[in-house]
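Engineer: Protein chains in written order, with my numbering: chain A, 1 to 204; chain B, 205 to 412.
The set of hints was computed from the structure by calculation and includes no laboratory data.
As the structure is a prediction and not an experimental result, all values here were calculated from the model.
Warning: the hint list may mix true and false statements.
A few chain B residues that face chain A, going by a derived Cβ cut-off under 10 Å, partial list only [stated by the list, open to error]:
1. I235
2. T272
3. I273
4. P274
5. V290
6. L297
7. G309
8. N318
9. I397
10. R401
The beta-carbon is built from N, C-alpha and C at its ideal position, and this holds for glycine as well.
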Amino acid sequence: MGTNSFIMIFLASMFANNILLAKFLGMCSFIAISRNMKTAFGMGAAVTAVTVCTALLNYLVYSGVLMVGSRFFPETDLTFLSFLVFILVIAGFVQLLEMILERFLPALYFSFGIFLPLITVNCAILGVNLFMIEQGLKYSFWQTSAFALGSGGGYWLAICLMAGIRKKLEGADIPKPLRGVGIAVIITGLIAMAFMGFTGMAEG
Amino acid sequence: MNSSQSNESVASVLKAGIGANNPVLVLVLGICSALAVTGTITTTLVMGASLMIVTGLSCLMVSALRHTIPHTVRLMVQMMVISVFVILVNLYLQAYHYGVSKALGPYVGLIITNCIVLGRTEGFALRHGPWLSFMDGLANGAGYALVLLCISVIREFTGAGCLMGHRLMPDWFEPAMFMRTAPGAFITLGIVIWIIRGIAPAKEERAD
Chain A
1 MGTNSFIMIF
11 LASMFANNIL
21 LAKFLGMCSF
31 IAISRNMKTA
41 FGMGAAVTAV
51 TVCTALLNYL
61 VYSGVLMVGS
71 RFFPETDLTF
81 LSFLVFILVI
91 AGFVQLLEMI
101 LERFLPALYF
111 SFGIFLPLIT
121 VNCAILGVNL
131 FMIEQGLKYS
141 FWQTSAFALG
151 SGGGYWLAIC
161 LMAGIRKKLE
171 GADIPKPLRG
181 VGIAVIITGL
191 IAMAFMGFTG
201 MAEG
Chain B
205 MNSSQSNESV
215 ASVLKAGIGA
225 NNPVLVLVLG
235 ICSALAVTGT
245 ITTTLVMGAS
255 LMIVTGLSCL
265 MVSALRHTIP
275 HTVRLMVQMM
285 VISVFVILVN
295 LYLQAYHYGV
305 SKALGPYVGL
315 IITNCIVLGR
325 TEGFALRHGP
335 WLSFMDGLAN
345 GAGYALVLLC
355 ISVIREFTGA
365 GCLMGHRLMP
375 DWFEPAMFMR
385 TAPGAFITLG
395 IVIWIIRGIA
405 PAKEERAD
């Protein structure tokens, strides 16, 4: 099985190159929302769903319009616009998703409710989109979906782990200046250290 | 922000951004990039300067447009303003400092989603004049850059025995590779927050 197969890309982006623990993206929401398991789980699910959908949309936009040799404008290089286009696609998609959920799946909408607007400024999602085009388009459409699913899943896994640990910490006697953010960041460091053990897997 | 907006002078805004309301240490915003770019001092300086410029100019622009932006789409407009300035900074880096631009990779683009920028345009520039907003943006950018510089000095010195690429430690010093990896960055930031809060305790933690 080559390193570019669906399952390998998925596992590598979820464990070895975890978007949060190895690439530092999505830390703001990670620290703020990992206080209890239920909200952490909801946020993880919402981030994963939005990451996969926007990465695929942006893949189509990038390969269809922006890059040199694209489908519709092969002669022009519009890649300098990618930041603007990507963030608009993400913001637009989140808005649309919110409206659709509110209309057709109100129960799901209320459980996601507060997280959806926050997601537009979640660096993990824009980060996945930008890593996707870092060296031109290195993945095919399916490989991109594996990458996005793995990255989103990695965020989901990490935020749930963190919520579990913080629950256990509630009774712990932590030095006062370290409470809250300080200890959260140090624990993240320890989790990241554990995840470094997966590094060899991605190359193998 | 406090409610007495009319008394806010440029000096008080500068002081709050760098010290009392430091975005990274006190409010814990924008730490994603604070960790990613602090491996070496050079990339940190470039990132800090880029963020200062983007925050300052975005605040200026949003503040100048604040009476014409419709309230309902203001987030979208702010994101567009910010991304335009980030694109300009990115193009400049690619043209004149290609090596650094390559080392920073997608993290320059991620300034768009840095909570500090949107936090300042949304929380300050929409209610204040252009000049004050510009200074507020610069001050918050500088506060961010200072903290990053501290972290990067610690990480580069212990992780490579160098400062700005110049080897300072004697030969027997074995660089601690750990400090250059992701966990090293997390733990350094945790300890810096610990020290700062130990010296100057935060006014109150949010009830959680």
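Engineer: Given T272 of chain B was flagged as interface, is its beta-carbon under 10 Å from a beta-carbon of chain A?
Structural biologist: Check failed: Cβ of T272 of chain B comes no nearer than 20 Å to chain A, outside 10 Å.
Engineer: Take the shortest C-beta to C-beta distance between P274 of chain B and chain A; is it under 10 Å?
Structural biologist: violated, 15 Å
Engineer: Double-check N318 of chain B for me: the hint is only fine if its C-beta lies closer than 10 Å to a C-beta in chain A.
Structural biologist: holds, 7 Å
Engineer: Hint validation: R401 of chain B versus chain A, beta carbon distance must be below 10 Å. Holds or violated?
Structural biologist: Since the shortest Cβ distance to chain A is 4 Å, the answer is holds.
Engineer: Restraint: I235 of chain B near chain A, CB-CB cut 10 Å. Satisfied or not?
Structural biologist: Holds. Min distance 5 Å.
Engineer: At a threshold of 10 Å, is the proposed contact between L297 of chain B and chain A supported by beta-carbon distances?
Structural biologist: Since chain A brings no Cβ nearer than about 12 Å to L297 of chain B, farther than 10 Å, the hint is violated.
Engineer: Less than 10 Å between beta-carbons is the criterion; does V290 of chain B satisfy it with respect to chain A?
Structural biologist: holds, 6 Å
Engineer: Less than 10 Å between beta-carbons is the criterion; does G309 of chain B satisfy it with respect to chain A?
Structural biologist: holds, 6 Å
Engineer: Given I397 of chain B as an interface hint, is its Cβ closer than 10 Å to any Cβ of chain A?
Structural biologist: holds, 4 Å
Engineer: Under 10 Å is the threshold here; is the Cβ of I273 of chain B close enough to any Cβ of chain A for the hint to stand?
Structural biologist: violated, 15 Å
Comparing the model with each numbered hint stated earlier shows that hints 2, 3, 4 and 6 do not hold.
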